[in-house]
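Q: This is what each chain is made of:
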Amino acid sequence: MEAWVFSNIVVAILITAAVGLTGVVLRSRMWSNAFLSLWRRRRVAIIAIGFYVLVALLDSVSWVGGEQFGEDAVAKYQAQSILDRAFAGIRERSYSAPLASVEFYGGAPLVHPGRHLLGTDLLGRDVLHLALKGARVALLIGGLTSLIAIPLALLFGVSAGYFGGRIDDFVFFIMSTLASMPGLLLLITLIMVMGKSTFSVCIALAVTGWVGFCRVSRGETIKLRELEYISAARALGVGEMRIIFRHILPNLAHLVIITFVLMFSGLVLSEAILSWLGIGVDGSWGQMIDQARDELSRDPIVWWNISAAGSALFGLILAVNFVGDALRDVMDPRTLREGE
Amino acid sequence: MTGGAGVSGTLRGARRPGPAWVVMLVCTLLACTNNPYPDADADKKILYTSFREAPRTLDPAVAYTTSAHAITGAVYETLLEYHYLKRPYTLIPGLAAGLPDTRSDAEGVTVYRFELRPGVLYQEDPSFGLGGAGRTTREVSTADIEFQLMRLADPAVNSPVVEPLSNVLGFRDFGERLRVRREAEPEFATLPAHEQYADVGPIEGVVVDAPLGLAVYVASDYPQILYWFAMPFTTPMPWEAVQYYDGEDGRPRLADHPVGAGPYVLAEYDKQARYVLDVNPNWYGVRHPEWKAPAATYPSEGEPEDLAAGRLDPAYVGRPLPFIERLEARREKEAIPYFNKFLQGYYDAAGVIRESFDKVIHEGGLSDEMARRGISLEKSVEPTVFYIGFNMDDEVIGTVAQEPGRKLRQAMSLVVDTEEYNRLFSNGRGVPAQSPLPPGIFGYDPDYVNPYRLVDLERARGLMKAAGYADGIDPETGKPLTLTFDTPDTSAQGRLRFEFFTHAWRQLGIDVEVAATNYNKFQEKVRNGAYQIFMWGWVADYPDPENFLFLLWSDMARSASGGPNTANFKHPRYDELYLEMKSKPNGEERMVLIREMTDILQRERPWIELNHAEDYALFHDWLSNVKPFGMSFPTVKYRDLDAGARTRQREAWNEPVLWPLYALIIIFVAVTVPGVVTFIRERQ
Chain A
1 MEAWVFSNIV VAILITAAVG LTGVVLRSRM WSNAFLSLWR RRRVAIIAIG
51 FYVLVALLDS VSWVGGEQFG EDAVAKYQAQ SILDRAFAGI RERSYSAPLA
101 SVEFYGGAPL VHPGRHLLGT DLLGRDVLHL ALKGARVALL IGGLTSLIAI
151 PLALLFGVSA GYFGGRIDDF VFFIMSTLAS MPGLLLLITL IMVMGKSTFS
201 VCIALAVTGW VGFCRVSRGE TIKLRELEYI SAARALGVGE MRIIFRHILP
251 NLAHLVIITF VLMFSGLVLS EAILSWLGIG VDGSWGQMID QARDELSRDP
301 IVWWNISAAG SALFGLILAV NFVGDALRDV MDPRTLREGE
Chain B
341 MTGGAGVSGT LRGARRPGPA WVVMLVCTLL ACTNNPYPDA DADKKILYTS
391 FREAPRTLDP AVAYTTSAHA ITGAVYETLL EYHYLKRPYT LIPGLAAGLP
441 DTRSDAEGVT VYRFELRPGV LYQEDPSFGL GGAGRTTREV STADIEFQLM
491 RLADPAVNSP VVEPLSNVLG FRDFGERLRV RREAEPEFAT LPAHEQYADV
541 GPIEGVVVDA PLGLAVYVAS DYPQILYWFA MPFTTPMPWE AVQYYDGEDG
591 RPRLADHPVG AGPYVLAEYD KQARYVLDVN PNWYGVRHPE WKAPAATYPS
641 EGEPEDLAAG RLDPAYVGRP LPFIERLEAR REKEAIPYFN KFLQGYYDAA
691 GVIRESFDKV IHEGGLSDEM ARRGISLEKS VEPTVFYIGF NMDDEVIGTV
741 AQEPGRKLRQ AMSLVVDTEE YNRLFSNGRG VPAQSPLPPG IFGYDPDYVN
791 PYRLVDLERA RGLMKAAGYA DGIDPETGKP LTLTFDTPDT SAQGRLRFEF
841 FTHAWRQLGI DVEVAATNYN KFQEKVRNGA YQIFMWGWVA DYPDPENFLF
891 LLWSDMARSA SGGPNTANFK HPRYDELYLE MKSKPNGEER MVLIREMTDI
941 LQRERPWIEL NHAEDYALFH DWLSNVKPFG MSFPTVKYRD LDAGARTRQR
991 EAWNEPVLWP LYALIIIFVA VTVPGVVTFI RERQ
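So the sequence lines, in the order shown, correspond to chains A and B.
Per our numbering, the first sequence starts with residue 1, numbered consecutively.
Per our numbering, the second sequence starts with residue 341, numbered consecutively.
Chain A on its own, in the form it takes in the complex (with noise of 0.2 Å):
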């Protein structure tokens, strides 16, 4: 299967979850009270977050068809996006500084004058074209890689804190020995390893990325596990399977979301991180960073590009970091004790 098709594929089924999951939280008293509560919080955050999601989602729907765009004439044949499309052809020839009319370096005439809001970079290419493609790429990772380390941790976390003994004596181990090794020195030997790729990028920053919500997870079982309605159902003969998927993991639900959210800002920084030391995924901002990084030294000093991805970049964590920490007060009963 192409790519493209894949990635309109999944496009569809997280735009149908998206519509299924509002109907469940507009059918739930508790979980739409909770949502009013959080939009009622961070309606700024929430807003932004809903952009950037938009801007992927337009930058994963593509096809391929199309007339030329500008002198690229393989373009035609590839699946463009919808954002790629909104930008097409208006490639110039090098720097441009924001909305200027001719070359930052040498002052010839643009091609396009006027039209680049945030410039241009050292080939030409549009920087809010660039940074709007970076959200893709940050959610992708930071989305991707918690699909991955959340349910690794639950079950490491959730099996050590419930059948406790050897089990737990085992899955400590691998939290201990993971947690004694230098995170970043261990991502970048993973990628190595397994080549470099968008997937394993994520594949790597889950691996060193499971540990902390594993450690809170299992104690949130033990705790659970001790609870007379466990222990009631344990006496009434319900399996243990069951138990645990009836009775401890939704109850883990509130501590999975807000991890979600705080894990994935963190996430997307540290593939910036990976992307200035070089290994990063092609198209992220911490990859315009990194490109950008000489432009700060020179004379005059380029300061748009990486101000374009620094901005996004930050704009999208402290969205996140802001409905995260909402969340946390709107789902922990004690915050919401506290607040009350």
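These are calculated hints, taken from the structure and not from any lab test.
Ideal Cβ placement from N, Cα and C applies to all residues, glycine included.
Be careful, since some hints might not be right.
[To be verified] Calculated pairs, SDA-like style, for lysine to any residue (alpha carbon to alpha carbon, straight line, at most 20 Å): (1) B/K673 to A/E295; (2) B/K861 to A/L190; (3) B/K865 to A/V193; (4) A/K76 to B/D814; (5) B/K922 to B/D445; (6) A/K76 to B/K819.
[Unchecked claim] A short list of chain B residues far from chain A (calculated; beta carbon distances all over 12 Å): (7) W631; (8) Y727; (9) D787.
Starting from the known structure of chain A, fit chain B onto it as the hints suggest.
A: Just chain B now, kept in the frame of chain A:
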């Protein structure tokens, strides 16, 4: 009690000098200077320079980097040298009394006979004590050159220049005999190197026919061998130094302690931070200025631009070298601090760093700001070539594809705009290459324009159509032709660079994917022939067209012999011409051969020639006789400087800026006085 009083007294005593400390600190700050060098050296002719990469070794048999040659080239003397000013590069006698007598016999062997200058001494060094108690130096003999050639052939030394020197009769045989003997007799391998060599030697083609006479027999027709005698690889090496500096009993290794007969000696060496070269009082140019030896006297001839640039100043012409009494080099890992120190006058010369290019260079010349500071700019084209290569063994893009493959390569060549590439990635530095030969090398034709190195999109599209790839569509797949560009460069700048090329080819409808891997993986791909397009460069070992044109000689094909012909270009006529050209002296006959070879390359397009690197050298007006050399050859002995002018300029440019200190004192007083006053009032 007494102790307690004592402690109390000490504490009071410790508090009391507080104001004194402040006064001392202020005085120290006021006396502070950013000058990194001792004041006592201010009036000395010391050249201050820098290096970025720490040399790995200073053993002249092995050292092959620019940073190492900056030292080995100054410490070790060679039989021949290059004329400092003349271009194309011309060989002159160094340690040799003259250029060698050359004689060819009927069996295809050429003999080069060198005559060494008499009475040339090595630098003072304790290692010479091995040759007799109390000795600190001795005379250089041709046996020392023979010894060094044996070291080059020695497999244990692992010299990188074994291949070209294998043209010397019996060179490889000697190395092989040595290896076999060492394997057969382990005890033999523990003997000092000179004893082993004496036992296994001599090299058939190296004959010491007199204490100062040396004949070198070259088996094949390889006149380029003479250039190797102008490099530190073939310097006379005293056996005493090799034996003494073995890294045992606190003695350094030879790799860190060079012992030569050159114009300078290595006086201090901390390879990670700093080294100092002092004039060698034993150098023949210093001891015998009356000889007026060509390599020990400032030249009287040069190029017309040398006269204009003041490099043929009568005040220098014919004067004995060297002028600079000491060279001090400090390691600078970061470009910006290094360049700032140059602007402050703490380095005498510098290159133009990319980050400050637009501040320093304006419309190809110096900016007004730099000119006002008395800085001069010297541009020179380095004997290098950078190119994009095609793997000619590839089925799509190589020779196997026949005419369509050739047309495809021609089309791809026609859309790569080198001037734009230089502008974007090298601040416009670099001469667009039309053939492998750079300016300054015989065979370079400044009027030659390669018709496939012009940018012509329409013609390129026509060629694509003729090749069977109309609009870039591969008839087999019905989709754009897909090719792979392999590279070991995974850096951010590298990505931009390759994006430049792939964007150009996308205009033809060719989809070129960049496969950036680590160096080992890339090498593996090259070994297995699993690559289509690559980017490479070559820096000349010596200034002869052979050193560039052999890069496309079929005997050097990577697939066949692991040689540097990475394009695996095999063309019988080109090979024929190459072998004929190789042995010809520079002249019209050779030029005709080179032209035909260039025509073949123009048509076949195994390479898309990109550029010849251009060096921009900046230097202050107190430094004279600066001429960039291009090749790795130390020119410090020709330079001179006016230390007084330098001191004056440094003082003017680095006057202490004291107002921040005064402002701090005022702020400190303004903040503390009200506090103290309040405190005293409250206490009262």
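Q: If a hint holds in the structure, say so; if it doesn't, say that too.
A: Quick rundown of the hints versus the structure:
1. B/K673 to A/E295: holds, 19 Å
2. B/K861 to A/L190: Distance ~17 Å between B/K861 and A/L190 Cα, so the pair holds.
3. B/K865 to A/V193: Roughly 17 Å separates the two Cα atoms, so the pair holds.
4. A/K76 to B/D814: Cα-Cα ~15 Å, so holds.
5. B/K922 to B/D445: holds, 18 Å
6. A/K76 to B/K819: With Cα atoms ~10 Å apart, A/K76 and B/K819 stay inside 20 Å; holds.
7. W631: holds, 50 Å
8. Y727: holds, 21 Å
9. D787: Correct as stated: the minimum Cβ-Cβ distance to chain A is 28 Å, above 12 Å.
Hint violations for this structure: none, all hints satisfied.
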